[in-house]
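Student: What follows is the residue order along each chain.
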Amino acid sequence: MSNPPLDAGLVTRLRRMLGEEGLLTGEAALRVYECDGYTLEKARPSLVLLPATTQEMSRSVELLHKAGIAFVPRGAGTGVSGGCLPADIPVMIGTSRMQRIRRVDIDNRRVEVEAGVVNLDVTRLVESDGLHYAPDPSSQAACTIGGNVAENSGGPHTLKYGVTVNHLLGLELVLPDGEVLQLSREAGSGGFDLAGVVTGSEGTLGIITSATLALVKTPQAVATMLAVFPGVLEASRAVSAIIAAGLVPAALEMMDALVIEAVEAAYGFGFPADAGAVLIIELDGLAAALDEQCVQVTEACNEQGASEIRRADDPRERALLWKSRKRAFGAMGRLSPSYCTQDGVVPRSALPQIVERIGEIGRRYKLRIANIMHAGDGNIHPLLLYDENDPEEVARVLDAGRDILLACLELGGSVTGEHGIGIEKTELMPASFGPATLAAMADLREVFNPRALCNPHKILPSDRHCVEVTRPRPRGGG
Amino acid sequence: MQESQSGARGAALAAGTEGVPSRDARPDETLSGLTAPTVLSPRDQQELLSCVNTARSEGLALVVTGGGTAMDAANPPRALDLLLSTRGLGGRVDARPNDMVVTIGAGATLTELNRALAASGQRLPLDPPLAGQATLGGLVAADTTCSSSAGFGCFRDMVLGLNAIDGSGRELTVGGQVVKNVAGYDLVRLLAGSKGSLAIITQLTLRTFPRPVAALTLQYRLADTAAAVAARASLLDSELSPVMMDLLQDGGKDSSGSSPDNDHERPLLLLRIEGGNSELDYQQARLRELLGCAPFARSDNPPDHHDTLHQDWLLRLRAISMPGQALAFADRVATLVKAGGSYQLLTHLCSGETVIGLEPRPPVAAGQAPTSGRSPGEMAALLAELRQAAFDYKARVVVEQAPAELYELVDCWHGRPAGLGLMRQLKKRFDPVGILSPGRLAGGL
Ligand SMILES: Cc1cc2nc3c(=O)[nH]c(=O)nc-3n(C[C@H](O)[C@H](O)[C@H](O)COP(=O)(O)OP(=O)(O)OC[C@H]3O[C@@H](n4cnc5c(N)ncnc54)[C@H](O)[C@@H]3O)c2cc1C
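Chains as they are written, first to last, in this note's numbering: chain A, 933 to 1410; chain B, 3 to 447.
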């Protein structure tokens, strides 16, 4: 699908303001912008703007607003729910030229960075001061802070440290009419937490141009353990047992046999060939505490039938273990031509149930489903494997994915823990919230975005006409 | 129905809220200097809804009250027809320790919650002032800062989901029951900290945390503010993360008559550490090294300094600055207030907030007229002076409690929040008639 061409006068004005570097047109240049990590649908923008400063951003948005033209913000495009799909949206506005570090303030444990700064670079900036930025999505080497705030991203270490919103101190926001706001989350303002509200709003309330982020002390000691189980059920029970023992690990991640097979082939960590599931358990804090906690973890895992428990003390071994986990999605291509990632949440204690339900759904739809999970948070990422040349199988993948998310809701969970609703899951919103709550959400959006020019058709169900559904090759992860 | 509610509105109120327990307000049930004529105490969502709907159709202004611990920390409402108490909305506690989650009525107090959680080895680790009185709904609505926010963040960080009724009578269920959830707009963020001016919170789903094996409160006397600045720096640079890092400073002439010990005016550093036994030993040894002295007091119990600060002073302000500037600004505050009598300053070293207690409350037993303190005019002048000084520190000073007359002279809020225009529109959407705490927030929100 393509969007209609824009008024030449407007394009000229934008080009004059942004320069050649700041404005992309033409087939070849626009191709990369036709989808994000959610590739089931594609749409090409007519124009991509890359403002380099807040002022340029604000002026661009103001011009588009005056002309009544819809636009969509984009960071690195690693989103996996089609949040920055330009469906019926002529203009895309990227933040890739807004990468300045505005302030590193060690004494106050905070940094202010522009929206286009990559997540991992924030930690690189301050690690020599013994600090880090805690939210660590698996895509952290590519995804941007603007995208993280827009998605309220999590990551393996959010079990102990919380998600993006828990580390956000303030935002600079360009409203859909071009006005620039400096929103602080400090106490005692006598107003509402607008920066908090914008977090997780998937680019529909304005464009974030910078964020002030809280920094966290890098722990004195870290213990990373690998526990091997006969199957996913036993591993899920071990997760519950660890939580029940009163431990809050920094991370508690699970991979099942299919995922292990793929990552072993890709990275050669040395997972046992017959492992039914593994848990990666990371404890951190004071060295004085860790040995005792490792003993407790070992006991909990043994009680649930772990066949092997290893502590990765060597930093290289630890790094390889995390690489195996964080890059697991990249390895999946070895198992199947395509796969589709879902992102549901269940109460931690319901992991064994959802795992059984996923197995059932896989059998019912005759699909292979691999499981990777932020298990400690109850956040599951089932990967539905398929062959894109088999349209009938594609249809089964979509139905099975929906059934898994509905099963999460039935178990008291949510249809998304970190990937967002985007364009992908808008139909699941009425299953998640009642009409009054949906109406309140619509109110919120209309206040910020009254003319629906900023990233329309996302989050809330709308009567958008269908975009072309291309041959799927969904990837993405968590 | 009492006399002040006479006339058509009173009758309509009585008719619309029939069956909802109602009574006259007690003289001490004031908010920002005003007394409400009537207190309604709905016992469930349905009764609450009938109160909201009646207020809506009759155009009655209502203020929500929980435990009544933070009723003075905002401007007086433009109108006040009734006080709506949420204390009746306690109800069943649904604790799910294996999920580290609890669901509870908004009218329950934090102490009630923690008592219910104790058996399962869980807790909500925040320690606001007057936790036995403050309700969870109120704590979330006010987003009260705690001493243990150093270790655990704010109340808004604890909320996973909530039920609420907004000013247009909509029954909202926002957020969820699980620890991670990004489905839809996060209305929890909008309501947490909105101080009852958009919606009335009826039920909360909160994160819980395992109780530590052991915990200790340690108190250190420091030589002076310079020593406190150094102590803060070395604590921050160390591997330690005390869950509480507070500095308490007393000063001015002591009008309460108690004879202070020699150290009375030296800053008191209060730390609370938690963990397993070996962790606690390690932390104590390291603290001795870092601070160069042993604590003069040590206790298993959490300290009650925050409570007493709330109870002992007639005028309470809060200064908000960057953490690194907080002690410098507190010093400046001390210089400006000390001539006018005794004072107490409590600085949360991590958040950079300083609670300022002025005008000691006369001891009840004494039964004599209060010692002559500042007049309301002098208080207003002092506040203006503090706000002027705050400018140099990029700080703000807000009023949290004051004698009634002061509310007529000052704005409790210091300046206007960015995005006030959007906030006003949000207020219109969620409370179209303006029945919920009209005018209590900044900029007349
Ligand atoms: C391999 C892989 C692993 C992943 N792992 C995780 C994980 O562990 N945890 C997790 O939470 N997510 C994960 N994700 C999802 C994704 O990386 C995150 O959602 C990330 O925050 C998106 O950042 P981005 O810069 O790529 O944003 P984009 O994809 O460019 O945009 C995402 C959304 O944010 C909006 N947006 C972007 N920038 C701005 C801005 N400046 N202002 C306003 N709106 C904006 C867009 O319109 C869009 O709706 C993973 C994705 C992949 C491909």
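To be clear, the hints were calculated from the coordinates, so they are not data collected in a lab.
If you're wondering where the values come from, they're calculated on a predicted model, not measured in any experiment.
By construction, the Cβ of each residue, glycine as well, lies at the ideal position given by its N, Cα and C atoms.
Check each hint, because a few of them may be wrong.
[As the list claims (entries may be wrong)] What the simulated footprint calls covered on chain A by chain B, stretch by stretch (three residues with Cβ under 8 Å from a Cβ of chain B suffice, anywhere in the stretch; the number is not a length): (1) 954-962; (2) 998-1004; (3) 1016-1029; (4) 1287-1296.
[As the list claims (entries may be wrong)] Short, incomplete list of chain B residues facing chain A, as computed with Cβ under 7 Å: (5) Gly178; (6) Leu250; (7) Gly278; (8) Pro434; (9) Val435.
Student: So, for every hint listed, does it hold in this structure?
Tutor: Quick rundown of the hints versus the structure:
| no. | hint | result |
| --- | --- | --- |
| 1 | 954-962 | violated (count 0) |
| 2 | 998-1004 | violated (count 0) |
| 3 | 1016-1029 | violated (count 0) |
| 4 | 1287-1296 | violated (count 0) |
| 5 | Gly178 | holds (5 Å) |
| 6 | Leu250 | violated (19 Å) |
| 7 | Gly278 | holds (5 Å) |
| 8 | Pro434 | violated (10 Å) |
| 9 | Val435 | violated (15 Å) |
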